[in-house]
Amino acid sequence: MIDLGEVVELQIPARAEFVALARLVVSALAISDTTLGDERVDDLKIAVSEACTNAIEAYGSADSGEGVVVRCRADDRRLEVVVEDRGRGFDPAQLSGHPPVTDPDRLKFERGLGIPLIRALVDEVEFSSTREGTAVRLVMRNTSPGTGWPDGNETGGRETRA
Amino acid sequence: MDLGLDVTERDGYAVLAVRGEVDVYTAPKFRERLIELVSEGKHRIIVDLEAVDFLDSTGLGVLVGGLKRLRSHEGDLLLVCTQSRILKVFEITGLTRVFSIFDSVDAAVSG
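Chains as they are written, first to last, in the numbering used here: chain A, 1 to 162; chain B, 1001 to 1111.
Only true hints are included.
Pairwise CB distance ranges, derived in the manner of DEER restraints:
#1 Ala28(A) to Glu1032(B): 25 to 33 Å
#2 Glu132(A) to Asp1011(B): 49 to 57 Å
#3 Ser1072(B) to Gly60(A): 25 to 33 Å
#4 Ser1072(B) to Val8(A): 46 to 54 Å
#5 Glu1074(B) to Pro13(A): 39 to 47 Å
Simulated from the structure, these hints should not be mistaken for laboratory data. Bear in mind that the values here come from a model prediction, so they are computed numbers and not experimental data. All C-beta atoms, glycine included, are put in the ideal place defined by N, C-alpha and C.
Make the full structure from the sequences, and use the hints.
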């Protein structure tokens, strides 16, 4: 187990084949250093996968030579994962919503499901995007023994924007 | 990381059994296989997700694209999935109401 508050940093090339490695490292850390159950670790894996996928796509080309940094810090209350790229930024508030699932036009949308998934799966998410890059901060709070809920929160996640 | 994509025939359906992790790296191979099946004239496809260990939005995108392609051929794409961690991504995104999801290939072929 790492010391509480110590940072683990992984830099991966901005290529699709490395997203699985980012998931593996973050989930191993979550299993060893938090009280998150299997289901919440699975949630975090999806969120990390989505954030890394977006980071790679932000570079816009298959092999930009750039990297994606995944920085993790666990303490006794939570695990924070920050995924950073230096690609072109985006404004999550400007993302268009999808038509309702009952609308036949819904099938026109094969993309854009990643950020809604992140928002639904983690306890806190913060997007900080500029022309110099994007940082996505994901927070999973440790489960209080016996409650099955994250510490001090029984209503689900919240979102902030920097 | 390898993605298994095995095709069998069953009662007029092509059954595509997917095995492994579906993400941004493996999704293109999955998409290509689906497109190949449609090109071969297989317009009734069952995608069996029971051996999938991980699936994110890129995998959902492949399935939405496949369903759209098949519907344009008057066909259909059915899913087999009982794993809660995989079903969860369909539920969050509302896609449980877009796809017909069955507990087994037997259940899917018998409608």
